[in-house]
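Asker: All chains, full assembly: derive it from the sequences and hints.
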Amino acid sequence: MDHQRVKFIFQGNQVKDPIIYQLGHNFHIVTNIRRAVVQEDMGWVILELDGEKEEIERGLQWVSSTGVRVDPLSGDVVEG
Amino acid sequence: MAFLNGLKCRECAREYPAEALNVCDFCFGPLEVVYDYATISEVISRDRITKGPLSIWRYADLLPADSLNPVDIMAGYTPLLKADNLGKQLGLNNLYLKNDSVNPSFSFKDRVVSVAATKAVEFGFETIACASTGNLACSVAAHAARAGIDAIVFIPADLEKGKVIGAAIYGPTLVAVDGTYDEVNRLCSEVGDNYPWAFVNINMRPYYAEGSKTLGYEVAEQLGWRLPDHVVIPSASGAMFTKIWKGFNELACLGLLEGVKASSFGIDQNTAHHPDVKTRMHMTQAAGCSPIATAWENGQSQVRPVRPNSIAKSLAIGNPADGIYALKVLEESGGSAQAVPENQVVEGIKLLASTEGIFTETAGGVVISGLKHLAESGALQKDELVVAYITGNGLKTQEAVEQVVNPLEVRPMLSSFEEALRERTLAKR
Chain V
1 MDHQRVKFIF
11 QGNQVKDPII
21 YQLGHNFHIV
31 TNIRRAVVQE
41 DMGWVILELD
51 GEKEEIERGL
61 QWVSSTGVRV
71 DPLSGDVVEG
Chain D
1001 MAFLNGLKCR
1011 ECAREYPAEA
1021 LNVCDFCFGP
1031 LEVVYDYATI
1041 SEVISRDRIT
1051 KGPLSIWRYA
1061 DLLPADSLNP
1071 VDIMAGYTPL
1081 LKADNLGKQL
1091 GLNNLYLKND
1101 SVNPSFSFKD
1111 RVVSVAATKA
1121 VEFGFETIAC
1131 ASTGNLACSV
1141 AAHAARAGID
1151 AIVFIPADLE
1161 KGKVIGAAIY
1171 GPTLVAVDGT
1181 YDEVNRLCSE
1191 VGDNYPWAFV
1201 NINMRPYYAE
1211 GSKTLGYEVA
1221 EQLGWRLPDH
1231 VVIPSASGAM
1241 FTKIWKGFNE
1251 LACLGLLEGV
1261 KASSFGIDQN
1271 TAHHPDVKTR
1281 MHMTQAAGCS
1291 PIATAWENGQ
1301 SQVRPVRPNS
1311 IAKSLAIGNP
1321 ADGIYALKVL
1331 EESGGSAQAV
1341 PENQVVEGIK
1351 LLASTEGIFT
1361 ETAGGVVISG
1371 LKHLAESGAL
1381 QKDELVVAYI
1391 TGNGLKTQEA
1401 VEQVVNPLEV
1411 RPMLSSFEEA
1421 LRERTLAKR
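Protein chains in written order, with this note's numbering: chain V, 1 to 80; chain D, 1001 to 1429.
In case anyone wonders, no lab produced these hints; they're calculated from the structure. Values in this document were obtained by computation on a predicted structure and should not be read as measured data. Keep in mind that a hint or two might mislead.
To be verified - One side only, chain D facing chain V, incomplete, derived with CB under 10 Å:
1) Val1102
2) Pro1104
3) Asn1185
4) Ser1189
5) Ser1237
6) Gly1299
7) Gln1300
8) Ser1301
9) Arg1307
10) Asn1309
11) Ser1314
12) Gly1318
From the three backbone atoms N, C-alpha and C, an ideal C-beta is built for every residue, glycine too.
Answerer: Here it is, written out as structure tokens:
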């Protein structure tokens, strides 16, 4: 089992999509919301994910494919 | 020794010991260092600072690492020049340039990495690491060489060779990652969680970021222990911007500024604002990656991430970790933030070079074009004291200004030279 902490960022109409429900429903991943800010047209959620490593990878790839941004917890780590 | 009490979450105020941590286990907010300012105020003085080394370590009392044995390649104490020629062009009588492009690895990153590397050695790490597209890679590799420890540097696979050489020369393990910007970010974050390395801007971030405060201290000291009316600063993650502000306020609260009475830091040391600190903080970002400036311009409380598409690679952070804190500093200081059009970045580089003889990288071009815009808009009054921060060297981004190379091509004869010179003179008219 693997444990990951990630940040999803929703823009525009994406805030209306039940992405986190679908992630837990369609993949063998347990999702746990730890912190979030949701506004009318933007939101971010910090999640803990538990599951097999490959399953989490597949799940996150699917989330990215929906256009929702999947980021490290504390923002970008690649610096100039 | 460092006057450090530990770490504290900026969001929920939960406290942690001073360890290699960067996020709160409870709310995942960022951790910041907490100082013992009561003891610092008893020992620190201008005299003690001026007798210190000519590097960032002269401000050791206000840094979170042990200064007895710092990993020091003499970062900091860089020149503050009065820029009369540029000032004249912009209608500013008191314009200064903080030229941080002359640091040992040619960018301000030496300040933050010196602190992070010192702390890493103090914690017993044998490897320091980073993910970088340029300046940070060079600085981490250089400091690791100095400390005699290993360096692992992650770079995008398509990074320009010139930048790779600037880091490779110090002998780090270079890891070229073939992936998108987001993929590189995620991989490095995952590596940071899984390997026992001091990742300077991940698990060492609370200490690392504090090094930028010295950009504030030095300017104040070099101005005779007073603060400028305005500062113009480039911004990527927002960390340097917030730390310069913190540095100004620390000096004020500790009574180190001319004519300013000491005062308490209050409950949250990181947001202490001394009423006598009136410097307006102006942030500049390149339009191709300007999430903080865009949030400021639109009056948004949250910073919306972007995918960078800018020639100012050293500022290209699409999801800035300190974005919301930078917005608070903008508001508190009565400052401004602007997105400089991409086509004005090179103009800024050329303007600085041609007026003051300083060759800066693209981030400096962003600052100078932003400064020009501020001057033209009337935000800066002609006799106000303005400091613009030049944080990186032009040799790092030569490809951005390749078009300036236009030599007179002559045969080895005086007649050929004179003909070419005449043609060029005519063309200039």
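Asker: Each hint needs a verdict: does it hold in this structure or not?
Answerer: Evaluation of the provided hints:
| no. | hint | in the structure |
| --- | --- | --- |
| 1 | Val1102 | violated (18 Å) |
| 2 | Pro1104 | violated (17 Å) |
| 3 | Asn1185 | holds (5 Å) |
| 4 | Ser1189 | holds (3 Å) |
| 5 | Ser1237 | holds (7 Å) |
| 6 | Gly1299 | violated (13 Å) |
| 7 | Gln1300 | holds (8 Å) |
| 8 | Ser1301 | holds (8 Å) |
| 9 | Arg1307 | holds (9 Å) |
| 10 | Asn1309 | violated (14 Å) |
| 11 | Ser1314 | holds (3 Å) |
| 12 | Gly1318 | holds (6 Å) |
Consistency note: the structure conflicts with the earlier hints numbered 1, 2, 6 and 10.
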